[in-house]
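Line by line, the protein sequences are chains A and B.
Quick note: the first sequence, position 379, residue 379 per the working numbering, numbers continuous.
Quick note: the second sequence, position 32, residue 32 per the working numbering, numbers continuous.
Calculated from the structure, these hints are not laboratory results.
A hint or two may mislead.
Treat identical chains as interchangeable: a pair holds within one or across any two.
Unchecked claim - Cross-link-like lysine-lysine pairs, in silico, PhoX-like; alpha carbons within 25 Å at most: (1) Lys168 to Lys503; (2) Lys454 to Lys278; (3) Lys168 to Lys52; (4) Lys531 to Lys198; (5) Lys127 to Lys278; (6) Lys127 to Lys360; (7) Lys168 to Lys456; (8) Lys450 to Lys403.
2 protein chains.
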Amino acid sequence: MKVVCSVNPGHCTVISYNFLLLIILQLCLDTVEGVWPLPQTFITSPERYQLKPQSFSFGYRRHLAAQHHCSVLDAAFKRYFSILFPDYASGNDTIRFSENEIFTLTISLDHHDCEGYPNQDSSERYKLNVSAGQASLNAETVWGVLKGLETFSQLVYQDDFGSYYINKTNIEDFPQFQYRGILLDTSRHYLPVQTILKTLDAMAYSKFNVFHWHIVDDPAFPYQSRTFPDLSNKGAFHPMTHIYTQSDVRRVISYARMRGIRVLPEFDSPGHTKSWGKGQPDLLTPCYKGGTPSGTFGPVNPTSPSTYQFMASLFKEVASVFPDTYIHLGGDEVDFYCWRSNPYIRAFMHKMGFGVDFNKLEAFYIEKIVNITSALRKTSIVWQDVFDYHEQHKSLSVVEVWKQGCYLCEVRKVVKAGLRVILASPWYLDQPGPTHNWARYYNVWPLAFKGTEKQKRLVIGGEVCLWGEYVDATNLSPRLWPRASAAAERLWSNERQTSSVDKAFPRLQEFRCKLLRRGIQAEPLDVGHCKHEYQSV
Amino acid sequence: MKVVCSVNPGHCTVISYNFLLLIILQLCLDTVEGVWPLPQTFITSPERYQLKPQSFSFGYRRHLAAQHHCSVLDAAFKRYFSILFPDYASGNDTIRFSENEIFTLTISLDHHDCEGYPNQDSSERYKLNVSAGQASLNAETVWGVLKGLETFSQLVYQDDFGSYYINKTNIEDFPQFQYRGILLDTSRHYLPVQTILKTLDAMAYSKFNVFHWHIVDDPAFPYQSRTFPDLSNKGAFHPMTHIYTQSDVRRVISYARMRGIRVLPEFDSPGHTKSWGKGQPDLLTPCYKGGTPSGTFGPVNPTSPSTYQFMASLFKEVASVFPDTYIHLGGDEVDFYCWRSNPYIRAFMHKMGFGVDFNKLEAFYIEKIVNITSALRKTSIVWQDVFDYHEQHKSLSVVEVWKQGCYLCEVRKVVKAGLRVILASPWYLDQPGPTHNWARYYNVWPLAFKGTEKQKRLVIGGEVCLWGEYVDATNLSPRLWPRASAAAERLWSNERQTSSVDKAFPRLQEFRCKLLRRGIQAEPLDVGHCKHEYQSV
């Protein structure tokens, strides 16, 4: 006999089967606990099996085991072994891949491609079946297996005596939206690589799959370019300690890949580029006052051929360093004041027939940059400003909606124009709780607008933005977690099964305790406690 | 030639003395950097001396050195040696107490009492004089020496090559207010002892001197009483892992003492006591509904003699465990609903001639508790509610003002009644930044009310309150620091020298970087960077 929900482990003591079932059914009708974000189909029963670290193993299905092992999965087995059995002192040595052990989690996958990177079209589906002495995890790709391993790890619980258990469970799961991102801003404050890696760990626990790296901006240019080293030499907060070397970037990309996470770089232009100008002298527009240069600089100079030569070289490097097929070009908040003050810019406008419409000049610039990145076989993402102010949209592909107000009106406009959308507006988490609490982020439904099925499919996902004005390594984790996890469930799970804040609350509390147990500094949702509190060092 | 301010070390290069002086004077008129909170008198010059960890020593003035060394100061020398020279690998072994070293900081103090505890009347004055090859630090008490050591440590800076320097300096310093507290709430969330100790470290850096330990409340009773062990056995979140043992409490008190910090315990009653009822069955008032007990409980039952027997025993224990001469009795937010519902309470009211004025019942209760603690030679502090709702104030001593609105009107009322005041209202830091930013806490002046000098002297200080609804070990540090430091300067420094937010801003930014360097997770104030960012683990 099965019940369609998970059970709170504490309530499962054997009294009478029917009586127990009644209790469980009552509990379960109100709360579905155990996994965050909630799987699409989740069938569980009170029947439970003990797991012992000494006799637990991960295995490949026989015909796969004969093949070469998959490094992404082998590494994941090691990580999840520690997560499954946190009290078990040693670690890696004890993992055995025999099928004669007492409990084996057996993996099978359709496409045995372990060397590539996750991308926009990667399947993340998986099926997980837990029964006596064994569990099977099937997926189309390694990225699906990683999602299944995360789910499996969340199903395991400890009783008061420290023994590990898992209930009989059957899960079929896939994400509602393909793009589930988190933006970190490493320009307004430098984030040590360790902080980024720790965030990638936590992202995997909530099944986020895109790290949107807003790597440079006005205040600092920490990306160490091999083509233009002066950009960080002169534009970073410090040329040695506050930069991301090529090796740092590779490390981040590799660490993300091992967790099924894409790394989407953003090199925002033509605005938000003050720091670029320090290492690339003729790039920015000189502002004028009273007919002479004032000594200050505005956005990138869109009238100079050298600008596009520079951008082509830079993006050629970026395209080779970052393997993702997407690239974020920014394009937001361009201030026309400086362009307007500059007589050469005005002369160019006249020559091009733009009149006094600086949006046309910006469109001209963006068009050129999009062409540069298209030639590098990258799909470009732009902030909504580019869509809003430009008459022609044919060169655009993906628009990220970020402004407040009726953001779903904007989403509707963009999909009506046939473009894909990433929604960020409701998930600006740099505003701290408790006023901006998790429920605010949970109560969002990106498809709550009038549109055709085809239009709705153009909403490819959403993104949590943690801008850096008031955020650095000291407060990033508690500001992100667990509030970002609320958005994660919205982007992964079936909306009809996850529409109630009240029902979600105890599940999110439990998930937050799991995050603490995994060393993530996730802040509390309300009064209460976790069995294992966060231990500051 | 001296200038009355500190200098930004980076600007001090020897060009021409007069020219340099001009530059420094100009810089200094706008910004006084270097020490937070700002000393009362602070004279510094561009003359600087190199400090080398190998040849730096702390020493006692000769006639003192002959005496027994002072353990509080010996421990402080070790701590501050590491703080002074963070890049210097080894530590304790290298401290030598010879006077033949190249740079010696010599301590002298008037009262060589190292064994006691800081109290409300302890002098914290000190004089610090830094000249070639030596510095002298004079104080009346060891607590004053600790303040001077903190100041000395903030005067030392490193150049770009890692060498350590200090400028010629003359400081005379003392606090504006004697009571400078931080409240932590360990009931709404349990705080690991390590988190409390780390907070005590950070408090010392901002010269806070009272840790107000709101140790128990409705949600949990984590204090492990030796007289009534069931209080935490049944009232804590967990009877083993979420408690403060007697040994934990001793450790906190001892750690605080070594840093010149008093530990003020609060056992709030008669409200805020739900958790007490679990381990002390007859303590709380049974609420009634329709003439019968409803099964729920209200505030402490003020009509039963057993209540006062219990309270006398509990406070006898608390008075012996916590050495401070002050004790906080709470007394806030008593809900009369339950008392009103209970026929026995109503009968008692009638018998006592209280009519239907439950404030009288509460006053009756508080009066008894104050008498119990007075007999134990403790000065009691109560929240403003007790003052507001009671006609007679003769038994009260110190009132803590916490309500929002015109809090200075309340302060004025209390001092007019001849009672001492601690001001907390403007410093409720559980609301997070950036809307509740540091400037909001800096722009407070507790004496900005019409009153006599004598009345103003009754304002003994202020307190930062970090209530625990949404705060635990995961987010406590970035929520406290550096915003609490803004309040610290208000409570320590001369108001006329520290009235400008704009002038304070760069100094606070610099101080925040010092906190990071010392391992305190202090959040950023705005876009920017520190030479040494916080490294998450």
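Now the hints, each set against the structure:
1. Lys168 to Lys503: Result: close within a single copy only, 23 Å intra versus 64 Å inter.
2. Lys454 to Lys278: neither (46 Å within a copy, 59 Å between copies)
3. Lys168 to Lys52: Answer is within; shortest intra-copy Cα gap is 16 Å, inter-copy 66 Å.
4. Lys531 to Lys198: both (22 Å within a copy, 22 Å between copies)
5. Lys127 to Lys278: Result: close neither inside a copy nor across copies, 52 Å intra and 46 Å inter.
6. Lys127 to Lys360: neither (51 Å within a copy, 67 Å between copies)
7. Lys168 to Lys456: neither (36 Å within a copy, 70 Å between copies)
8. Lys450 to Lys403: For Lys450 and Lys403, the Cα distance is within 25 Å only inside one copy (20 Å; across copies 48 Å).
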